[in-house]
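There are 2 protein chains.
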Amino acid sequence: MKILVSNDDGISSGGILALERALQKLGDVYTVAPDRPQSSMSHALTLHRPLRVEEISPRHYAVDGTPTDCVKLALTGLLTVKPDLVVSGINHGPNLGDDIIYSGTVSAAIEGALLGIPSIAVSLVSFKDFIFDAAAEFTVALVSQILQITLPPSTLFNVNVPAIPKQEIKGWKLTRQGKRHYSEKIVERVDPRGRKYYWIGGDDLGFAHDNGTDCMAVHEGFVSVTPLQADLTNYRFLQECRSMVIPWP
Amino acid sequence: MKILVSNDDGISSGGILALERALQKLGDVYTVAPDRPQSSMSHALTLHRPLRVEEISPRHYAVDGTPTDCVKLALTGLLTVKPDLVVSGINHGPNLGDDIIYSGTVSAAIEGALLGIPSIAVSLVSFKDFIFDAAAEFTVALVSQILQITLPPSTLFNVNVPAIPKQEIKGWKLTRQGKRHYSEKIVERVDPRGRKYYWIGGDDLGFAHDNGTDCMAVHEGFVSVTPLQADLTNYRFLQECRSMVIPWP
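Heads up: the protein sequence lines correspond to chains A and B, in order.
Taking the working numbering, the leading residue of the first sequence gets 6, the next gets one more, and so forth.
Taking the working numbering, the leading residue of the second sequence gets 6, the next gets one more, and so forth.
Next comes chain A alone, as it looks inside the complex (with noise of 0.2 Å):
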């Protein structure tokens, strides 16, 4: 088997380390990551200027552009074999909620399920200390079990882990996603030439305590397995419409 390795955090983090390390056990892994940390990229794509790519060692890429431009560049040219699989992570910190959005880390495992390949991303709800040896072995687990299913066409994986000792975890659970909440405050401040700039801020305040998210599922000492799609159309509110008049032109 060959799998793709990507992520957000960059090539060096500790994150992409542990999860090559364990997808070795499966099959030959192929690394294809930004240079440095891309975090809340979401799926921006680079196409105003070129990309660099650096080979730092064998099967190992380094690329100066976000996310999604690795995978893509990986998926469509840069690799000379096509991999069976696409691993995205892991994740320092949670892609829960609305942070699915904004990440890079689930971004780059959406161009892998555009692109064709089943993918998964993976993420430590952690800020701080991060042991990622209880999400390197669910990755395992679930790859061996998405292999043998047939993904629907740009479906793909969101996959939190939460940062608890493995044996305290109390198992995973299929989810949705759920709702965080930020304060949405920004800062405004002075700089050291006395003009203005602002800072997005967003402090963590919790989530939306409904049964079968992801943030429940974490928040309860479960893995959360949640399966996404790149089809944004909200279906049910489409039904909705259809008495919906515009009066033009």
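Hints in this document: simulated from the structure, not taken from any laboratory.
Treat the hints with caution; some may be incorrect.
Note that the list lumps identical chains together, so a pair holds whenever it fits in one copy or between two copies.
[Said to hold, decoys possible] Cut-off 20 Å, straight-line C-alpha distance, at most; resulting in silico cross-link-like pairs (SDA-like, lysine to any residue):
{"id": "1", "residue 1": "K178", "residue 2": "D33"}
{"id": "2", "residue 1": "K178", "residue 2": "A146"}
{"id": "3", "residue 1": "K190", "residue 2": "D40"}
{"id": "4", "residue 1": "K30", "residue 2": "R64"}
{"id": "5", "residue 1": "K7", "residue 2": "A168"}
{"id": "6", "residue 1": "K184", "residue 2": "P158"}
{"id": "7", "residue 1": "K184", "residue 2": "P157"}
{"id": "8", "residue 1": "K201", "residue 2": "E59"}
{"id": "9", "residue 1": "K175", "residue 2": "L22"}
{"id": "10", "residue 1": "K184", "residue 2": "R41"}
{"id": "11", "residue 1": "K184", "residue 2": "K201"}
{"id": "12", "residue 1": "K7", "residue 2": "D69"}
{"id": "13", "residue 1": "K133", "residue 2": "D208"}
{"id": "14", "residue 1": "K190", "residue 2": "D208"}
{"id": "15", "residue 1": "K171", "residue 2": "V145"}
{"id": "16", "residue 1": "K175", "residue 2": "S248"}
Let chain A serve as the given structure and place chain B on it in line with the hints.
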């Protein structure tokens, strides 16, 4: 009524000027938009550095960040008023099918929706000779309708207008996100210093001719109106996954 306008082509683009002019008939327009082109920036959010804001004229702010940054800043502290509506566009080019997940214009509207404001993204399906009149007029007509209904959480409208004379447009259709086909080949070249570089390609190879999609509606000469959401869960597949067994721990 107070309306926030943004886009991804930058604050000086023709599309945003046409949109502002049209929306001024409906209320007070506040523009917070990138100071330079930010196409294909998706939902990228700038967290690792401060943002600069320049008030280039009254109610007109240029930001050195992404479309998502602009809307986040505007709604969380930069503006002293709370807008009733966010409109992003008019995009210079289509945002149909898979384009949606890469689009900065759509993401600006997604950010508005995430922050609880009714939001619309508008795009003109052309690559040259941009005439925004019909798109601007349709947006005004759509706004009057949208403000009469209650949108579900994190839901927005994505509008694509064919680039044909207004009298040839057949009307509008309620649609779902379609599937575009791109040639995914990357361009590999050598720079003037003899070093290799890569450029992401993507020739337009048409789209899947599925009825009910945004791509198909525009192809047939209709304006497409697609309700989108920020929830990426694949609910149908979630049900299928209930039988999944993962041997862990």
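Evaluated hints:
1. In the homo-oligomer, the alpha carbons of K178 and D33 never lie at most 20 Å apart, since the shortest distance is 29 Å inside one protomer and 48 Å across protomers.
2. Taking the closest pair of Cα atoms, K178 and A146 come within 20 Å of each other only inside a single copy of the chain (14 Å); across copies the shortest separation is 45 Å, beyond that limit.
3. Proximity of K190 and D40 under a CA criterion of 20 Å is satisfied in neither setting, with 31 Å inside one chain copy and 22 Å between copies.
4. Proximity of K30 to R64 under the C-alpha cut-off of 20 Å is restricted to the intra-copy arrangement: shortest distance 16 Å within a copy versus 58 Å between copies.
5. Proximity of K7 to A168 under the C-alpha cut-off of 20 Å is found in neither arrangement, the shortest distances being 29 Å within a copy and 44 Å between copies.
6. In this homomeric assembly, K184 and P158 come within 20 Å of each other (Cα to Cα) only across copies, at 10 Å, whereas the closest approach inside a single copy is 25 Å.
7. When the C-alpha separation of K184 and P157 is checked against a cutoff of 20 Å, the pair qualifies only between copies, where the shortest distance is 14 Å, while the shortest distance within a copy is 25 Å.
8. Taking identical chains as interchangeable, the C-alpha atoms of K201 and E59 lie at most 20 Å apart only when they sit on different chains, with a minimum of 10 Å there against 38 Å within one chain.
9. With identical chains, the CA atoms of K175 and L22 are never at most 20 Å apart, being 25 Å at best within one copy and 55 Å at best between copies.
10. When the C-alpha separation of K184 and R41 is checked against a cutoff of 20 Å, the pair qualifies neither within a copy, at 29 Å, nor between copies, at 32 Å.
11. Taking the closest pair of Cα atoms, K184 and K201 never come within 20 Å of each other, the shortest separation being 32 Å inside a single copy and 44 Å across copies.
12. Taking CA atoms no more than 20 Å apart as the test, K7 paired with D69 passes in neither setting, with 24 Å inside one copy and 41 Å between copies.
13. Taking identical chains as interchangeable, the C-alpha atoms of K133 and D208 lie at most 20 Å apart only when both belong to the same chain, with a minimum of 16 Å there against 43 Å between chains.
14. In this assembly of identical chains, K190 and D208 lie within 20 Å of each other by CA distance solely inside one copy; the values are 8 Å within and 41 Å between copies.
15. In this assembly of identical chains, K171 and V145 lie within 20 Å of each other by CA distance solely inside one copy; the values are 15 Å within and 56 Å between copies.
16. Taking the shortest alpha-carbon separations for K175 and S248, only the inter-copy value of 19 Å comes in at or below 20 Å, while the best intra-copy value is 47 Å.
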